[in-house]
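Chains as they are written, first to last, in this note's numbering: chain A, 77 to 187; chain B, 252 to 365.
Quick caveat, the hints were computed from the structure, so don't treat them as lab data.
You may find that some hints are simply not true.
What the hints assert, rightly or not - In silico BS3-like pairs for lysine-lysine, Cα to Cα no more than 30 Å straight-line:
#: 1; chain 1: A; residue 1: Lys143; chain 2: B; residue 2: Lys293
#: 2; chain 1: B; residue 1: Lys293; chain 2: B; residue 2: Lys334
#: 3; chain 1: A; residue 1: Lys132; chain 2: B; residue 2: Lys329
#: 4; chain 1: A; residue 1: Lys132; chain 2: A; residue 2: Lys143
#: 5; chain 1: B; residue 1: Lys329; chain 2: A; residue 2: Lys143
#: 6; chain 1: B; residue 1: Lys293; chain 2: B; residue 2: Lys329
#: 7; chain 1: B; residue 1: Lys329; chain 2: B; residue 2: Lys308
#: 8; chain 1: B; residue 1: Lys308; chain 2: B; residue 2: Lys293
#: 9; chain 1: B; residue 1: Lys308; chain 2: A; residue 2: Lys143
#: 10; chain 1: A; residue 1: Lys118; chain 2: A; residue 2: Lys132
#: 11; chain 1: A; residue 1: Lys132; chain 2: B; residue 2: Lys334
#: 12; chain 1: A; residue 1: Lys118; chain 2: B; residue 2: Lys329
#: 13; chain 1: B; residue 1: Lys334; chain 2: B; residue 2: Lys308
#: 14; chain 1: B; residue 1: Lys308; chain 2: A; residue 2: Lys118
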Amino acid sequence: QKEVEQNSGPLSVPEGAIASLNCTYSDRVSQSFFWYRQYSGKSPELIMSIYSNGDKEDGRFTAQLNKASQYVSLLIRDSQPSDSATYLCAVNPNTGNQFYFGTGTSLTVIP
Amino acid sequence: EPEVTQTPSHQVTQMGQEVILRCVPISNHLYFYWYRQILGQKVEFLVSFYNNEISEKSEIFDDQFSVERPDGSNFTLKIRSTKLEDSAMYFCASREGQGGPPLHFGNGTRLTVT
Numbered sequence: 077q078k079e080v081e082q083n084s085g086p087l088s089v090p091e092g093a094i095a096s097l098n099c100t101y102s103d104r105v106s107q108s109f110f111w112y113r114q115y116s117g118k119s120p121e122l123i124m125s126i127y128s129n130g131d132k133e134d135g136r137f138t139a140q141l142n143k144a145s146q147y148v149s150l151l152i153r154d155s156q157p158s159d160s161a162t163y164l165c166a167v168n169p170n171t172g173n174q175f176y177f178g179t180g181t182s183l184t185v186i187p
Numbered sequence: 252e253p254e255v256t257q258t259p260s261h262q263v264t265q266m267g268q269e270v271i272l273r274c275v276p277i278s279n280h281l282y283f284y285w286y287r288q289i290l291g292q293k294v295e296f297l298v299s300f301y302n303n304e305i306s307e308k309s310e311i312f313d314d315q316f317s318v319e320r321p322d323g324s325n326f327t328l329k330i331r332s333t334k335l336e337d338s339a340m341y342f343c344a345s346r347e348g349q350g351g352p353p354l355h356f357g358n359g360t361r362l363t364v365t
């Protein structure tokens, strides 16, 4: 069973702060990692993809991957109230088509 | 930007009835998926479809479920005899290829079984 674990939260940060979201996964052969944002009642929306160890930055978002520790994180700088959502970590092993999702971390940005 | 479209957005049906959920994946994508999300729970994999056949399916995807790509654009999920516990949001997703590209989700169909 391939597991993806996230802190369910809720995580609350003040507006302008850095939000840090964490994810661990069990399958060592996993190669592709994704962060999705899901607003209540809506579908998951892709924020970041990361495939190599290290950091990947896109605007206010930075994804960090450490395959040795089987750990992927998402940092949101200058958090805005509109960032309040559930953030889903997803992992895709190179073997097989299935994406494995964590339970999601609920983030609230307080104005 | 191309997107995955799903219809209907909300479907109400009685227990024991058949429902068909419809999806139009992004046109150049090769892999198609159905996921479901029961209210307040995680996104759960149902089935993946490639080259006109099922490539993977989960334990949830039992004999009550079937998928079809009846033409070059539509991808459908059929539930033959709905149960109360089938009430959930059903998401269709597609991806361009294997080994890296992300999933792109449709807006979902909320299925309510009464």
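Broken hints, numbered, in rising order? 3, 5, 11
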